[in-house]
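Chemist: Each step along the sequence shown adds one to the number in the numbering used here, with nothing skipped, and position 38 is 145.
Just so you know, the hints here were simulated from the structure itself, not pulled from any lab data. Quick caveat, the model's predicted, so the values are computed rather than measured. Ideal Cβ positions, reconstructed from N, Cα and C, are used throughout, including at glycine. Please note that a few of the clues may not be correct.
[Said to hold, decoys possible] Taking lysine-lysine and the DSS-like style, the derived pairs with C-alpha atoms no more than 30 Å apart in a straight line are:
#1 LYS163 <-> LYS192
#2 LYS163 <-> LYS188
#3 LYS125 <-> LYS188
#4 LYS158 <-> LYS192
#5 LYS125 <-> LYS192
#6 LYS188 <-> LYS158
#7 LYS125 <-> LYS158
[As the list claims (entries may be wrong)] Computed beta-carbon distance windows for the label pairs:
#8 GLY165 <-> SER118: 18 to 24 Å
#9 ARG248 <-> GLU205: 48 to 54 Å
#10 GLY165 <-> ILE212: 33 to 39 Å
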Amino acid sequence: EHPTEACRVFSVDRVFRKEAIDRTHLPEFHQIEGIIMEEGANLQMLVTTLKTFYAKMGYPEVRVRPAYFPYTEPSLEIEVKWRGKWLELGGAGIFRPEVTEPLGITSPVLAWGMGLERLAMLVLGLDDIRQLYISDLEWLRNQPVL
108 EHPTEACRVF SVDRVFRKEA IDRTHLPEFH QIEGIIMEEG ANLQMLVTTL
158 KTFYAKMGYP EVRVRPAYFP YTEPSLEIEV KWRGKWLELG GAGIFRPEVT
208 EPLGITSPVL AWGMGLERLA MLVLGLDDIR QLYISDLEWL RNQPVL
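Taking the hints into account, I'd like the entire structure generated from these sequences.
Modeler: Here you go:
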């Protein structure tokens, strides 16, 4: 069954990617994902949704940059200001008609995905994403529960 009514979906999922491990990338991570499907949905609605999400989490300095993702057009990368630098937290865009029309969807579909671990880095003030998975029990005991 194909959805025809407006809908908004939000989920947190586990993602696996062939990524080189560094201070901001892991091959396995969690992603916060959202979709808005409704008549009149547009890029401004998507940008406003993302900026509102981060502002409510205490990060009012948000910028979006043009990007390329194969299933969306236009596509954006989302960054927040952290410790004086811009940190990329995820990607977003509007699904291309070639993706939605075969499913019988005629309304625009806004979509975004943001790394939960990168968000945790901001909240905990970490410089390296790998710190979230260390096995130092003393360090873990001293961290707040999020």
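Chemist: List, from low to high, the hint numbers that the structure doesn't satisfy.
Modeler: Structure breaks no hint.
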